[in-house]
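*Asks:* The chain contents come next:
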Amino acid sequence: MKTTLVLAAIALMGGAALTGPAYAQDEPVTITWQMWGSDENDIAAWQHLADMVTEVHPEITVELQTTPWNDYWTKLPVLAASGQLADIVAMQSLRMPNFYSLLEPLDERIADDGFDIDAFDESIIGGMSRDGVIYGLPYDVGPWMMFYNKDKFEEAGLDLPQPGWTLEEFTAAATALTKDGEYGFGVVPNGYSIFAAALGADYINDEGQLDFTNPSAIAAADTFIGLVTEHKVAPVVASGANPGDVIAGRFESGNLAMMVDGPWSLISKNDTVQFELGLAPLPREEGDLNAVTAGSGFGIATSSDNKDAAWKAIQVITGPEALQYLAEAGRALPARKAEWTYWFDVAAADVAGAREALEYSLEHSATYEITDNWNAVENLMTQYFPLAMTGSQTPEQTMQTIQSLAQSQ
Amino acid sequence: MTESISTQAAVAPVRRRNRMSAHETRMAFLFLLPSLLGFIAFMLFPIVASLVISFTNWQLISAPSFIGFANYQRLFTLDPAFYTVLGNTLFFTAEYLVLNIIVSLGLAVWISGLKRGQRWFRVIFFLPTFTPSIAASVVWLLIFTPGGFMDLVFQTLSLHVPNLLLDPRLAMQAVIIVTLWANAGYNMVLFNAALDLVPQSYLDAAKIDGANAWDRFWKIRLPLISPTVFFGTVMTAITSLQVFDQIYVITRGGPGSATATLGFAIYQNGFSNYQMGYASALAWVMFLIIMALTALQFWFQRKWVHYDS
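Respectively, the protein sequence lines represent chains H and F.
Per numbering that gives the first Met the number 0, the very first residue in the first sequence carries number 0; after that it's consecutive.
Per numbering that gives the first Met the number 0, the very first residue in the second sequence carries number 0; after that it's consecutive.
Chain H on its own, in the form it takes in the complex:
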């Protein structure tokens, strides 16, 4: 790769000297793109995007480097520490606070090129930003939603959840669905913040600091944990190996009627389950719903030597054609609003209420507010909320513990 760079640099200088800078931009350049992806289909889809870049900009060749999802996040800091980051770095919104310092701020390029950033969903642009500075262009977006077992609702003779349903309606449905060792809902401890945001509670203060001890945050914790302790509509989970997986497993096997998940797992979930899957927005309190989103995109490494080419490339791989391609393959719900419809026709086609639920959630989408040490906060929620679920502590005490421990980290 170094040789290519040197060659490119020499060619660039030579070109500039002979024919002037106007032609210099067209000199061939190879840039690298680090991306996650495990199976062949995944990798083929990303390779298709890389090829799209060369179609639009014949002088740019994008070299794709894939790593499976989990390993990607172990590898990324190591690559960064040893100065070997690729030119284009894939980044997830929830991990942006950890890694934004590796990425080039894009605001200036966006302003200079008159790039239309408003074509993207606003909440995920927020997710790709840190302190109001954009560090990446997103390719997908997804609000957390309520996945439900339609068969169970029909068995119990309940109305299917409709967009705009309230916490009260949700609790009533969950109560009716809880019987004979089966539960209406699954509480995943680190999903507290998603649930709290939906109810309009603030768990982060205006300065962006964790604020778990304000009255609205504690009230949301009371509601969230109350589903286990008071209403008994959700099972107690232990702090060990990923409670999220435990709840997902119980939902898929038909032991739980509702769980919170995102559109990114809709297709695989629909393939896995033996029952008819339904989709609803998260329940709201009296106010409007705040459906927080997560998503991923691409940034330019600060260490890159080909930032201009990388900027051109990420515009292509998050462009309308690329996102339409990903949507039609059912791979990602596009971050661009105009392309949503392609995804609705594929992934959401045979899931009850999916289109309405998604449209409603996206209408009420909000950036998922998280702190710089969100990893630590999530770990603390997983570790400490079970104490409140079993009644060893009150939700308020747990929130205070998490607050004080998170501040020391």
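Bear in mind the hints are in silico, worked out from the structure with no lab data behind them.
Mixed in with the good hints, there may be bad ones.
Claimed, not checked - Derived lysine to any residue pairs resembling SDA-like cross-links, with alpha carbons at most 20 Å apart: (1) K231/H to Q154/F; (2) K74/H to I60/F; (3) K231/H to P145/F; (4) K178/H to G147/F; (5) K336/H to P319/H; (6) K74/H to Y273/F; (7) K306/H to D111/H; (8) K74/H to P145/F.
Unchecked claim - Some chain H residues well away from chain F (every beta-carbon gap over 12 Å; in silico): (9) N40; (10) I42; (11) T66; (12) E206; (13) D307; (14) A351.
A quick note: this is a predicted structure, and the numbers were derived from the prediction, not measured.
Where is the CB? At the ideal position from N, CA and C, for every residue including glycine.
Dock chain F against chain H, hints included.
*Replies:* Same frame as chain H, but now just chain F:
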């Protein structure tokens, strides 16, 4: 003639010995080289590096800067979790060490007294030792998990036993049970082999003198296998201070901080929160505790370990 030979002989051996030893040293060094290189690359260098890192605020992606003893200061004075973690680690080590030695010694004595099937029992109890601890822990997790096999058994027996993973006072017991199951077999095999080496004639002589089984164990067999018991105790203490796998899989340090140990805290700070400097400081505290405890055990061995000499 005789004189000259003797003078020569007096000088030569010294020189030859020097030459020989230099040659031997070189050869020895050559043979030791592969292991030495491995030791330097995978032990010495990381140990020294972690000491250096523990004085920095390195967060993996940002350039580290030197912050003196700030990590250690935070550890001992500011971090509200540190003393809990330290207490958990010592509690685990103390309880597990005692139980491990009792169980493995008990099994070893029982097996060595068997007329038949000794070898089979040895294999059966040793099996968990070479089962990957992560895999074994996952199976135990399924047993302990709320609504899992254990709850089902207690329910069927109409016993009101709280779920081990949900009760902060009992969660550590779950970890100890799993660790005991997984590792007691190793010490058992060691002790069993040592017991087999105790000369039968000693035991027969004691029997004739009227010593009962209890006396023969405490006064003959145990003193004679004490070097092996000592080795087992030291090794078990070291590994139990480092306990991690079982906790990572079964409890993730919870509920609350009930099972957060030093090993788990190092992992969480370093690889989950990306605070390499702070994690290194924790690792050094663990290293020093292990050193101190091992030194203490070596000091104590003079009082109870009998070497045949």
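*Asks:* Now tell me, hint by hint, if it's right for this structure.
*Replies:* A quick look at each hint next to the structure:
1. K231/H to Q154/F: 19 Å, holds
2. K74/H to I60/F: 11 Å, holds
3. K231/H to P145/F: 14 Å, holds
4. K178/H to G147/F: Holds - the C-alpha atoms of G147/F and K178/H are around 18 Å apart, at most 20 Å.
5. K336/H to P319/H: Holds, because 10 Å separates the two Cα atoms, which is no more than 20 Å.
6. K74/H to Y273/F: Holds - the C-alpha atoms of Y273/F and K74/H are around 13 Å apart, at most 20 Å.
7. K306/H to D111/H: 15 Å, holds
8. K74/H to P145/F: Roughly 34 Å separates the two Cα atoms, so the pair is violated.
9. N40: Per Cβ check, N40/H is outside 12 Å of chain F; nearest 28 Å; holds.
10. I42: For I42/H, whose nearest Cβ neighbour in chain F is about 26 Å away, the distance exceeds 12 Å, so it holds.
11. T66: At about 17 Å from chain F, T66/H clears the 12 Å cut-off, so the statement holds.
12. E206: Given that every Cβ of chain F is farther than 12 Å from that of E206/H, nearest at about 21 Å, it holds.
13. D307: 24 Å, holds
14. A351: At roughly 28 Å from the nearest Cβ of chain F, A351/H sits farther out than 12 Å, so the non-interface label holds.
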